[in-house]
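S.K.: Starting from the known structure of chain A, fit chain B onto it as the hints suggest.
Single-letter residue listing:
Protein chains: 2
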Amino acid sequence: MAATGTTGSPCGACKFLRRKCTAECIFAPYFCSEQGPAIFAAIHKVFGASNVSKLLLHVPVSDRCDAVLTVAYEAQSRIRDPIYGCVSHLFALQQQVAYLQGQVMHMKAQLAQNLIDHHSFSIWPVLQE
Amino acid sequence: MAATGTTGSPCGACKFLRRKCTAECIFAPYFCSEQGPAIFAAIHKVFGASNVSKLLLHVPVSDRCDAVLTVAYEAQSRIRDPIYGCVSHLFALQQQVAYLQGQVMHMKAQLAQNLIDHHSFSIWPVLQE
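Chains A and B supply the protein sequences, listed in that same order. Our numbering puts the first residue of the first sequence at 1, with every later residue one more than the last. Our numbering puts the first residue of the second sequence at 1, with every later residue one more than the last.
Honestly, the hints are just simulated from the structure, not real lab data. A hint or two may mislead.
Stated by the list, open to error - The list that follows gives simulated cross-link-like pairs (lysine-lysine, PhoX-like), each with its CA atoms no further than 20 Å apart:
| # | chain 1 | residue 1 | chain 2 | residue 2 |
| --- | --- | --- | --- | --- |
| 1 | B | 15 | A | 54 |
| 2 | A | 45 | A | 15 |
| 3 | A | 45 | B | 54 |
| 4 | B | 15 | B | 45 |
| 5 | A | 45 | B | 45 |
| 6 | B | 20 | B | 54 |
| 7 | B | 20 | A | 108 |
| 8 | A | 54 | A | 20 |
Claimed, not checked - Example chain B residues on the side facing chain A (calculated, C-beta under 7 Å, incomplete):
| # | residue |
| --- | --- |
| 9 | 55 |
| 10 | 59 |
| 11 | 62 |
| 12 | 66 |
| 13 | 67 |
| 14 | 85 |
| 15 | 87 |
| 16 | 91 |
| 17 | 97 |
| 18 | 107 |
| 19 | 114 |
| 20 | 116 |
On a predicted model such as this, the values are computed, not experimentally measured, just so you know. Yeah, the Cβ is synthetic: ideal placement off N, Cα and C, and Gly gets one too.
With the rest of the complex left out, here is chain A (with noise of 0.2 Å):
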C-alpha cells in the first residue's frame, strides 16, 4: 500500500479525492497511486475521509498500517454485504467454532467410551486363564 505524496504525484487517497498532496498527508504512507483510489473509494464510502483521518490522528504511527489494514476490509465488506459487513464472517466463523466445538465433545466421548472397552479387553486374557 506504500506510497509518498512528496514524490509528486498523489498519493490513492488524494487522487480520489482530488485534492493536493502535501507531504504531512495522513493518507499518503498507505494508499498508492494505482490500487490506493479504488480502495480508498471503498473507506471514504463507508466511514468518510474526514473521520478516517480523525481515526489514524489517534492512533499511534507505528500502529496505522494495521489501523488503514481494517478499516479497508470492513469497507469492503459493508460494500459487498450492506446489511450483514463483516460481521456475516464473524457469524460464520461463530458457526464454525460451534460445530468444531460439538465434533470435539462428541469425540472425547467416544475417547472415553474407548478406553473403557479397551480395559475390558485387556483383562480378557487374565479372566481366560
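M.R.: Same frame as chain A, but now just chain B:
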C-alpha cells in the same frame, strides 16, 4: 431499539444530532430516546450519520434493523479498539477455529489408533486358543 419520531419526542439519533425528528426519520425505528443517543454517538463518530443514512436507504426496510445492529457493533468495537475494531474479534475466532481444528485432527488420529489397538485385543483370545 424501537422508537418513533411521531410521538413528539425525538428519536435517539435526532436527540444526539439536536435536530427535529420527523415522521420520515430513517433512524427513528431503531434508536429510542433513552439508550439511542449513546449508540448513535458511536455510529456517528465512526461512520458519520450521513453515510449510515445513505446505507439504510439502499437496504430493504425489512433488513434495516440488522444493518443498524451490525453498524452499531462495528462502531462500538472501533471505539473500544481504534486499531483493529471488530476485526480483533475475527482474529480471535480464526485462532479458536485453528486450535479446534488441531484438536479434532489429533483426536481423529487417536481414535484411529484405538481402532487398531482394539482389533489386536479383540483377536487376542482367538490367538490364545
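S.K.: List, from low to high, the hint numbers that the structure doesn't satisfy.
M.R.: 1, 7, 11, 16 and 20
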